Each structure stands twice: as C-alpha cells, then as structure tokens.
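Going down the list, the protein sequences come from chains B and V.
Residues 1 to 120 in this note's numbering are what the first sequence spells out, letter by letter.
Residues 1001 to 1441 in this note's numbering are what the second sequence spells out, letter by letter.
Please keep in mind that the hints were generated in silico from the structure rather than gathered at the bench.
Nothing here was measured: the structure is a model prediction, and the numbers come from that model.
Distance windows between CB atoms, simulated:
{"no.": "1", "chain 1": "B", "residue 1": "L65", "chain 2": "V", "residue 2": "W1135", "range": "57 to 63 Å"}
{"no.": "2", "chain 1": "V", "residue 1": "R1363", "chain 2": "B", "residue 2": "T113", "range": "42 to 48 Å"}
{"no.": "3", "chain 1": "V", "residue 1": "L1407", "chain 2": "B", "residue 2": "D81", "range": "28 to 34 Å"}
{"no.": "4", "chain 1": "V", "residue 1": "R1363", "chain 2": "B", "residue 2": "A59", "range": "48 to 54 Å"}
{"no.": "5", "chain 1": "B", "residue 1": "E63", "chain 2": "V", "residue 2": "R1363", "range": "53 to 59 Å"}
{"no.": "6", "chain 1": "B", "residue 1": "L8", "chain 2": "V", "residue 2": "L1031", "range": "41 to 47 Å"}
{"no.": "7", "chain 1": "B", "residue 1": "L65", "chain 2": "V", "residue 2": "G1254", "range": "40 to 46 Å"}
{"no.": "8", "chain 1": "V", "residue 1": "A1083", "chain 2": "B", "residue 2": "F69", "range": "45 to 51 Å"}
{"no.": "9", "chain 1": "B", "residue 1": "L65", "chain 2": "V", "residue 2": "M1001", "range": "57 to 63 Å"}
{"no.": "10", "chain 1": "V", "residue 1": "E1400", "chain 2": "B", "residue 2": "R60", "range": "17 to 23 Å"}
{"no.": "11", "chain 1": "B", "residue 1": "P106", "chain 2": "V", "residue 2": "R1207", "range": "52 to 58 Å"}
Counterexamples of contact, computed for chain V against chain B with all Cβ distances above 12 Å:
{"no.": "12", "residue": "T1006"}
{"no.": "13", "residue": "G1010"}
{"no.": "14", "residue": "L1132"}
{"no.": "15", "residue": "R1138"}
{"no.": "16", "residue": "W1147"}
{"no.": "17", "residue": "G1217"}
{"no.": "18", "residue": "I1266"}
{"no.": "19", "residue": "Y1280"}
Calculated Cβ distances over 10 Å to all of chain V for the following chain B residues:
{"no.": "20", "residue": "R24"}
{"no.": "21", "residue": "T68"}
{"no.": "22", "residue": "T85"}
{"no.": "23", "residue": "E86"}
Note that CB positions come from ideal geometry on N, CA and C, so glycine has one too.
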Amino acid sequence: MFALYTVLVYKGPDHVGTEPPDARVLAGMQQWQEQNCQSCHQFYGLGGYMGPDLTNVTARRSEQLIRTFIRYGTGRMPAHDLTETEIDELVVFLRWVNASGSSQVPDSAVHWTGTYILER
Amino acid sequence: MSRTLTLHVGYALILLLGALFVGLLAALAYLFPDLGAQLPFVQLRPMHVSAALFWIITGATAGVLHYKREVFAQPREPFAERAFVLLWVATTVSVFIFYAFRRFGGREYWEFPPLLGIPIALAWILLLVSYLRSWTRRPRPAPLYVWMWTTGVVFFMLTFLEQNLYHIPWFRQSFLREITVQWKSNGAMVGAWNQMIYGTALYLMVRISGDEGIARGRKVFLFWFLGLSNLMFNWGHHIYNAPTAGWIRHVAYGISMAEWIFFLDIIRGFKAKLAEKRKYDHLLTYRFLVASELWVFLNLVLALFMSIPAVNRYTHGTHITVAHAMGTTIGINTMILLGSFSWLLRMDQQGDRVVRQARLGARMALIGLPMLWFSLIAAGVLKGYRSVALGMTDHQELMEPVDQVLLVFLAGGVVVLAGLGTIAITYLGVLLRGARSRGIS
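For reference, chain B alone in the conformation it holds in the complex (with noise of 0.2 Å):
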C-alpha cells in the first residue's frame, strides 16, 4: 500500500502541467543549491526564515531589483560573486518556481472542514 502511495504521490503534480525545466533552469537551481539560498530563503515555506520566502519574488519585484539584490546585497543578505550567466540563471530558475503556483493560501480555498481546496 505505501508504494502504490508512492509512487502517486510522485506522479500528483503531473495534473498542474507547468513547463519542464531547460538547461537554464537547471543550472540556476545548481546555482541555488551551491550558494546555499535555502539557508535563509523559502520555497513555499520551507527553507531558513532569516530572508524572505521567494516563490513568486518574480511576480513582486521587478527583475532589475532581484538581479541587484543578489549582486550586491542587503541588510542582512551578503553580496554574491557571481558572473552574468550565472545571475541570469538564478533569475530563470526563480521564474519557474514561481509558475509552479502561489505560496499564499487565500481565504477562498479553507473548506469548513478545514483543509484547503487549491485551485490553479
């Protein structure tokens, strides 16, 4: 029973239908990982909570902002050494998380029973 479970649980999301990802991608999500972002960032909630969460930091912030931000820094975020190409790829990469839906439950979709029906 916990394989059949399995293996839907890795099958679920192919209803949501978003883009797979390309070499840019991908590489922006090694970038993500060898810099360690999650260390103070969040994906849908999960991560460090010393920054902010950036599932849909594409759709707030404009991409000159992001592309400063990690370049430079802020407060308490320290500045990346980072080449073009690579920022480039770390902005793909943030774009595709965020086509992958909303972080942010509305007040819509908590059913009285009280979990949540998400619709895309």
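Assemble chain V onto chain B, guided by the hints.
For chain V alone, kept in the frame of chain B given last:
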C-alpha cells in the same frame, strides 16, 4: 564498553556539543546581522543543523547496536558494525570540513555536496546488512522495541535513497514534484529515527521496571501501527500550501488527526505515570525518559494544531515550525538519548559529584528549553498574524517585532547550551575515565 562503542558514544556527544555551540553562534548571526563578516549565517546554519541531525542519528544507532546485541545475545561485535561506525564518523567529519570551505550543493538539512551521500549510503548499507543478519537471533515473538529498531533502520535507508531521487532528471521535470518528494522523504526520515529512539526508550523502560509486558500485547502494537502510519503518511503538512494533488493534503490531514488517540491515551495514563515516577525517580535514565514524555505531550499538542490546514496556513513558514523541530529534537530525542547514554555509562553508579553535575545540567536544560520553545511559538504567532491576517509583504517591516521576541529565544539558547553542555561534558569525562581504565586510548 568496547573501543567502537566508546568512539560511537564519544563522537555523538561531541556532535551534541558542536550543535549547541554553533547553534548559539547562528542565533547571534541571525539576530545581529552586522556580525555577518565574523559570523556568516549561511555557514553556521548548515553546521548547526547537520551537527544536530548527526548527533541524533549517531546517538540513535549507538543505542540500537548496543542494546540489540544484549537482546539478540550476540557475544561479539560484528565487523560490519565497526566498519559502519568508522565510515560514518569519517564521512560526517568531512561534511563539516566542506562547510568550513563554503562548499555546499545539497538541499535543506543535507546541504553538503551530494557526492558525500555515497559514503553515507554505504555506511548505512553496512549497518542494515549487519542488523538484518543478526535479526534471525531475535527473541520470538519479538518485543515491540525490536520491531521499532528494525523499522527505523530499514526506513532510514529507504528515505535516504528517496531523498536522493532528485538526481534522476524525471524528478526535476516539475518543481512541485521536486518539492513534494523532498519533503516526503525528509518527513518520513524523522519518523525513521524516531522509531529507533522510541524503541530504545521502550527497551530502557523494560529494563528499569523489569516488566517485559509493556513491550508486548495488542494495545502497544496497535499504537505502534498508528505511529508507523504517521511516519508514512503525515509528512504532507510540510507542503499543504503547495498546489499539488489535493488528496495528498487530505490523507495527511486525516492520518494526523489519528494522533488525538495518542493524546487521549497520555491523559488517561497520567495517574499511573505519577505512581511510577515516585518509584523510579532516583534513576537518572528514568528522569530523562520522563522529561521526554512531557515534551512528547507538548509537541503533540503543537503538531495536532499544525496538522489542520486552516491553522497551518498561519503557522507554516514561521518560527512555530522551528519550535516543533526544536521541541522534538531537544525535548524528546535528546532527552531519550541522554537517558540511553546514562544507562550505557552506568551513571547511577558513578560518584555523587558526577551524578549531581549531570542532574544540575538536566535542570538547567529543562528551564532553558521552555524559554526557547515558547518564544519561538510567540515569534511564529506574530509572523503568521502579520503576514497572513494583515497581509504584510515587506520582510524587514514584517520581522521587526518578531526579532524582538527572538531575544528571549537567544537567552533560552544560552541556558540550554549551559545545561546540555554540562551533561555532555560530564558524560565525556565518565567515558574517557572508563576508556583509560580499560586501556583504550
């Protein structure tokens, strides 16, 4: 105590000391970012998390391997178990060396370069093979703690492999699949080491009380089955807000609510527990086990609320999640492991001064831990209210009052460091004196 077990226990205690000390530095780096150059949070956090994680796994395996030999009447330490300890120690030390040079590449909780996953998997295969080979010597019918150790050892291997499935491209074709599988494996892995540790707690209670009946019978197995279901299915609260298939959320929610049965059983057994406490309270091991039960209760209350999606909406991504993680790792896992090490080191037969020192450490830890836990909950409530109810999006503005509350967390952290540090150093002293007297250097 053999040379391998001495290394195993000693290394676990050093990891505990490291996790506490680096944790305090990471908290300072979080609260005072101006210290960033001297205290880089991006390095300190993975060091703290990995040290805490390795302390729990190393401590859990030390108990399982030692007690298993007692229960299975194995006169000799198998070679594979010695090889496991050496490979495990060498690999986990390498992890910290990589962090020191800012070499990352992994994912949350396992942030080291993924190649180090290979020796970790090899070490666990050695442990698993050795454990399963000796399993034929188990008492029949096997008491519950043997089943718990076995499921823990097997599930750790499965979840570790699952955690590394992301190296197969198909798992990265969808970000939601990537994050779902990551948190399914992380959540179930916590359940796996809990099985090993709770199994040890049950074994020690049998040894203390002399009543083998508490590890046998239909009711204890029914409760174990419920716990096992939680291990397999309740991880979903990690990704309630991710728009993956809705049934994953509903199954996790439903299974988590079965935990009310544990909750009601704790309340029901409270009176009997008080009588038992009067009988065994003089034993240090017992005191740690009782402390862990109090924290099981507190964390269960928190977990029950966090598992309701409508409440999780406010708690997810806040410090309430950290409170739950710290309550579990320090309040439950660490307390049981310290109780287990107290038994292994025969602490109750040591001199008065040593026992008093360990008890003082335990008292300090039990004062500091609630400070830490409640301040994290308060910080989480504030963050959840400001971000969800007030809809604040500016991170700096959102976190301003939260960071004030976290100063109490820092104070609690200092007290916990002093308390658990005192215990770890006391244990290390006993371990070293014992090793020297047996001619192990």
